[in-house]
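Here is how the chains run, residue by residue.
Protein chains: 2
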Amino acid sequence: MAALTGADRILAETLPAIAREVDAMFDALLPAEGKLAKAMRHAAIGGGKRLRPLLLTATATMHGADRTNALRAAIAIEAIHAYSLVHDDLPCMDDDAMRHGKPSTHTAFGYAEAVLAGDALQSFAFEVLADPATSGDPFVRAELVLVLASAAGAQGMVGGQMLDIDGEGQALDLPAVTRMQQLKTGALLSAAVEMGAVLGKLPPEGRMHLRGYARDIGLAFQIADDLLDHAGDEAKAGKALRKDAAAGKQTFVGLLGEGRAREQARMLVDQALAYLNSYGQEADLLRAVARYIVERDR
Amino acid sequence: MAALTGADRILAETLPAIAREVDAMFDALLPAEGKLAKAMRHAAIGGGKRLRPLLLTATATMHGADRTNALRAAIAIEAIHAYSLVHDDLPCMDDDAMRHGKPSTHTAFGYAEAVLAGDALQSFAFEVLADPATSGDPFVRAELVLVLASAAGAQGMVGGQMLDIDGEGQALDLPAVTRMQQLKTGALLSAAVEMGAVLGKLPPEGRMHLRGYARDIGLAFQIADDLLDHAGDEAKAGKALRKDAAAGKQTFVGLLGEGRAREQARMLVDQALAYLNSYGQEADLLRAVARYIVERDR
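Same order as they appear, the protein sequences are chains A and B. Just so we're aligned: 160 in numbering that gives the first Met the number 0 is position 161 of the first sequence, and the numbers increase by one with no gaps anywhere. Just so we're aligned: 246 in numbering that gives the first Met the number 0 is position 247 of the second sequence, and the numbers increase by one with no gaps anywhere.
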């Protein structure tokens, strides 16, 4: 585990760096003129941990992919994440006025405008991926679209959001909450790693360990999120906390208690790290991400 | 113009046939289990003229593409159209309780559920296109995604919807309304023709006439829509009419008057037909579609 000290240092530099790169790429590629463009930029630029871009670029770089290609794919997945937050924050969904420490998109631009900005961000994601500038290899472009669309849709993120809405006020058990979170958050985190592997032209049979890693950090991430929601600081989070309990949503902390939830997250991280045993130093960034996920304070 | 009589006959058979094929393909490919799947199916199956699928498959078949491939691409574009109607009907947008003669998606399933069903339909569209079953050629798959994503997004359909919202109560002039409608409706109709050409492996330089045809029928379609909204039958339309005037939206009929609007639509159809002069009988279906667009009663 000695390598992790070095990796933590790498991460301390890498997280702000990737955030800057993501913002610059969004700025270069998002439409610039008009109200819709403004709302899309408000939603996409200048906020968030950029965890999905980090996972994607780290996995891609690890397998020799071009960095600019990886960054384009990274903003595609981040556009999907950003659109999902815009729609999640709507009055008819979670009704959140703040996001990333600033007004949520519907607060700043209006309800209909936020629906449309989210819709346009989703189209933008696939437009970026299918563009020859993302990869000269059309097979890679088509596969990136397939992985992201399938993770974003009814059998992924949006499917999880629907289970989340449906579950409000119901006594969901641990397997049901796990399933919901694996779709709602896990699918997109897994897609980030998978898209990195696609860019690195790793064949599907070579992606098994990476998939295991992604699945475990995805779940650890959600448990850590529940812990932060339970005990965290609203100013650091940049959004309202403890809304799940108020909405009657079942969480890992609610089901396991704080101590066992914390233990479970740590165990998942250890398991994720074990999946990376066949890699050397080139996977140190992915190792650092796994630790960061449970140690972060926002 | 004698060939059109035969083409009208073809269209009388073709419109119900394509509607059946589209419903069957949606039924085969949309997720089946759970509330989200039900809402997606409600929005996508059993309604609409299926004009975009007709344009896409007609253009694809004309250039020798495989019919099953074309039908898969056709339901992808129809999924985008269907999602846009789901979101358009939301209380924060046009607030329409009825669509295709049945309750709109949010009326039947709830507000948040309709937002999510629309979102998932958009992901579904790109997932279908990027799937190797849509074309064995990854270049074709990636290009289909690029054409559709660009037509659906901020510089296409959603961009037009935002201009539409922004224009409510404003004195838009003819160029402004034309621009808005070319984005809101025209971009997707053009994409239908373009995607057919992509499947038929027509090189971009060979698509000029088809693009002209698509642009002209797109505008004619919207003028005809305004005429139907102005004078049409709510029972046949299966939705509330004359809402544009009530919302203070500027329409072609409002700007030109009924007589000149009708004349303009006919002129655009003639122009569209002229673009097809280099084609023989194989383009009769596209010719029939152009006429149908201004003669339809719903």
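Among the hints, erroneous ones may be present.
Where chains are identical, the list cannot tell them apart; a pair therefore holds if satisfied intra-copy or between any two copies.
To be verified - Calculated lysine-lysine pairs in the DSBU-like style (CA-CA distance at most 35 Å, straight line):
id, residue 1, residue 2
1, Lys101, Lys200
2, Lys242, Lys200
3, Lys48, Lys34
4, Lys34, Lys101
5, Lys48, Lys242
6, Lys37, Lys242
7, Lys235, Lys101
8, Lys48, Lys200
9, Lys242, Lys34
10, Lys235, Lys200
11, Lys48, Lys101
These are computed hints drawn from the structure, not numbers from a lab.
| message | I'd like to know which numbered hints this structure contradicts. Please list them from smallest to largest. | response | 1, 2, 10
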